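**Student:** Based on these hints, arrange chains L and C on the given structure of chain S.
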Amino acid sequence: MRTENQRAWFFVLPVLALVAFNALVPMMTVVNYSVQETFGNNQFFWEGLGWFEQILRSDRFQAALGRQFLFTALILMIEVPLGIIVALSMPRKGIWVPVCLVLMALPMLIPWNVVGSMWNIFTLPKIGLLGYFLNDVLGINYDMTQQPISAWITVIVMDVWHWTSLVVLLCYAGLVSIPDAYYQAAKIDGASNWSVFRYIQLPKMKTVLTIAILLRFMDSFNIYTEPFVLTGGGPGNSTTLLSIDLVKIALGQFDLGPAAAMSLIYFAITLLVSWVFYTLMTKDDAE
Amino acid sequence: MAQIKLSNLKHSYLPSPQGPEDYALKEIDVTWRDGGAYALLGPSGCGKSTLLNIISGLLTPSEGQILFDGRDVTALPPDQRNIAQVFQFPVIYDTMTVGENLAFPLKNRGVDAATINQRVDEIAKMLDVTDMLDTRASGLSPDNKQKISMGRGLVRDDVNAVMFDEPLTVIDPHLKWKLRSKLKELHQQVKATMIYVTHDQTEALTFADEVVVMQEGEVVQIGTPVDLFERPQHTFVGHFIGSPGMNVLPCEAKGDRAIFEGHEVHLEGPVQGTGGNTNLGIRPEYVGFGETGIPAHVTKVSDIGRHYVVSAIVGDTALKVVSEHSAPEPGSQVFLQFKPEQSRVYRDGWIATEERGT
Amino acid sequence: MIELQDATKRVGNVIHIKPTNLTLQTGHFNVLLGATGSGKTSLIKMMAGLDPIASGSVLMDGQDVTRLNTQKRKISLVHQFFVNYPHMTVFENIASPLRVAGMAQSEIDGRVEEAADLLQLRPMLQRRPHELSGGQQQRTALARAIAKESRAVFLDEPLANLDYKLREELREQLPDLFAGRGAVVVYATSEPEEALLLGGRTALMEDGHVTQFGSTADIYRNPENLAAARVFSDPPINVAPINVSDSKARLAGGGDWAVPEMADGNYVVAVRPHRVTPFRTSEADVELTGRVIVTELSGSDSSAHFQHGDEAWVSLAAGVHPYEVGEDHIFYMNPAHCRYFGQDGKRVA
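Chains as they are written, first to last, in the numbering used here: chain S, 1 to 287; chain L, 1001 to 1358; chain C, 2001 to 2349.
These are computed hints drawn from the structure, not numbers from a lab.
Every clue listed holds true.
30 Å max Cα-Cα, derived DSS-like pairs, lysine-lysine:
1) S/Lys283 - L/Lys1107
2) L/Lys1107 - S/Lys187
3) L/Lys1125 - L/Lys1107
4) L/Lys1010 - S/Lys187
5) C/Lys2165 - L/Lys1182
6) S/Lys93 - S/Lys204
7) C/Lys2165 - L/Lys1320
8) L/Lys1191 - L/Lys1125
9) C/Lys2045 - C/Lys2074
10) L/Lys1005 - S/Lys187
11) L/Lys1191 - L/Lys1178
12) C/Lys2165 - L/Lys1010
13) S/Lys187 - S/Lys93
14) L/Lys1320 - L/Lys1254
15) L/Lys1178 - C/Lys2165
16) L/Lys1125 - L/Lys1182
17) S/Lys187 - L/Lys1182
18) S/Lys187 - L/Lys1191
19) C/Lys2165 - L/Lys1026
20) L/Lys1178 - L/Lys1125
21) L/Lys1339 - L/Lys1320
22) L/Lys1107 - S/Lys204
23) L/Lys1254 - L/Lys1339
24) L/Lys1010 - S/Lys93
25) S/Lys283 - S/Lys206
26) C/Lys2165 - L/Lys1339
27) L/Lys1125 - S/Lys187
28) L/Lys1182 - L/Lys1005
29) L/Lys1026 - L/Lys1010
30) S/Lys187 - L/Lys1178
31) S/Lys206 - L/Lys1107
32) S/Lys283 - S/Lys204
33) L/Lys1005 - L/Lys1026
34) L/Lys1026 - S/Lys187
35) C/Lys2165 - L/Lys1300
36) C/Lys2018 - C/Lys2045
37) L/Lys1026 - S/Lys93
38) C/Lys2346 - L/Lys1178
39) S/Lys206 - S/Lys93
Values in this document were obtained by computation on a predicted structure and should not be read as measured data.
One chain only, chain S, in its complex shape:
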């Protein structure tokens, strides 16, 4: 009996090295910080799981986490259905296809901090076009620098504007891959538009939709630049999402230990929720 050829493992080595360099090394630094206390001068003291306990128990963390979940939930609830609707209404043949695709891709090409500044200037009361229009033309009391509710609406609208396209493009790719025969068969079977969506388009979009939801979850859960540039986490702490809070602790207060512990908790939550999403959405396929 010939021995197994083990050479294949060598091909995996570069990838393993890359992953180690990219993820494991920085992560170990964070783990290292998270269990120690430092008072500067490179002096470290063993702290154990103290930071983790402190963070998890703190009201500040719990509030930021609550805001983070609320933000992500709202984003997903708006962007996913909206993305599907837009994708369904896009033309599938003809000269308008490239035009629509380019228009859809445009917001995603703008750098994140530019998006934040754009919306900041756009929505400032008195100066910004929208701010002026809402307050002085429509007479709505709107000020995202002062009112938490206005700030929240603005942050969400901005994200919807920036990222719905991603959902649209992924869904569109799923839709165009459905053969004509399916639509013809559905017509012949007397299916309503809703049935066509429910039994043909949605099942065929499922894979891309899973990817879209996962990407949007991870992105929105880790969002930092745009809301930071737009509101700076304010007014007060009202739009201070987890990542903004994390940076405040780490860089603003230079509390490396708690910041590291918080990073790890943050990472664990993202991983856990992603896994739950993925398992739920692919459950049917495994049957």
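**Tutor:** Structure of chains L and C alone, referenced to chain S:
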């Protein structure tokens, strides 16, 4: 179920067609009786898919009418024609069970639950899928998926016709035969008007009562499988139907004889007309070996199980002979005998001999 | 010549090809016949070096090539799907392997033209693949395989995506095209009829191994087991249980006849549909009365499916024979063409 009549149907994909070459479908006039089994047969690009789309309503013809039981439906969209269609690749609703798939067309039409259950059970029994009614349709094998697609067409009692667009393309050969017989059996049971589109002569001939043979947008012959085999009206039909196809041999016509490579061949009847390009048409099945006859040289013998296919050369012309029981050695000299009642002359492709006794 | 010696293929823990010994000779067509998923393509990929083999070895002309790269094996492969370089003309497509081999331009011209003539591609040499019909595209792929000097040519269901008549024409040319080129030709197909028409030698494949290998016509007439008998299936072979005692076979649905020497007991009889006819073919014919379920008339042949006892039978006869569905008919089975198998599927007589 309905009688389907295509009246002076023509179609061009160009906005203002000039000559006949601009037409994808040149002219078709045919009546299909209620409950019959029909086939549209021809190579790719012959216009059979165009015709299928016109009947189902996905295309509006440039000229002519489609009548269902005398009612003009030319302008009606597909969903108002009550036509069921089975596609090349099986179309099933992935998220539904087999039973839900079969019930879907009825549910959409607001049929009551009791009737739906009864119809679904009936059809499932006919298709031998009763034991999989509760399984998810997405995991089925291609042949079972195709059965379900057929079932969705047959479950309704208001369909005017069921159309099949090369439905056996993705089916493995050993299952093709089974599914084909199943389809034939179904037709004998439900008596629906069925139209089967294919490039495969065996599928067309075994399925249909009447076959429409098409070539380059033109109907070349409409007839029963026996007509098409026994008396092809055009050399194309002779060649396309039968495996191997009819021998088409250059000849000269003389009264009720043909001169082929200097040998006189008796024909089924006198030859009509003059001029043109004349050919002698005879099927390999009707050429025999004898002690006397046309001398030929055997070049190749294929043993294909049921019979032998012998390739031979007479003068400069190659032809084929099908022999049931025995075959000569390759390289040997033989004498060929042509059955007179199956020997015909074709002029510019079209049949030019008269049938004896008519 | 290609030899497989105890060659196996595994993906993870799943065995795709069980230990296989097979010697394919130069000079005639070697057909791999089996249903989709029986391992034809796997076997070809192993011989071509596209898939690694888990154990055993592959020899070409006596040389062990088990660890040799595909590029160095001097082989050609034609796929079911029309694989051509879209941006190249037909000429360049056919010439591409010759250019890679560094052949002189004058020799390339000669070889491409020779291959193009054989496949009637001469008028299309300057066109690009998308301007060709499916048949012409596949002929281009075949021409590339012919022009290249190969030790082995693998044809993996090359005609599967073509029209029926086109398939028939190309199939007839194929054996002649490769004759005398000194390459081992391996042709995979799932269509039994194709194997018979191509002739040569056939390796029957089932579930990842070769069940029988020999001259195609011989396998058709003398299958070693029931599975092999069922392979040539258009229409499927009739199979029915019989009881043998005192050298006489009896069908449960009625009918008995004398059988070759075998021990008393229960067996299975297999007989091809064209040996069950609506007319008598010999003195020894066994009469089977059956109710007709389905009839098919193909112009040249008539077939009837009928129920005889608990078994469904098929009769196939040349010519036109009218049957009434639902009526009883008498069919005649010629016992000289019956094959007998034990309960385990092994051939008995």
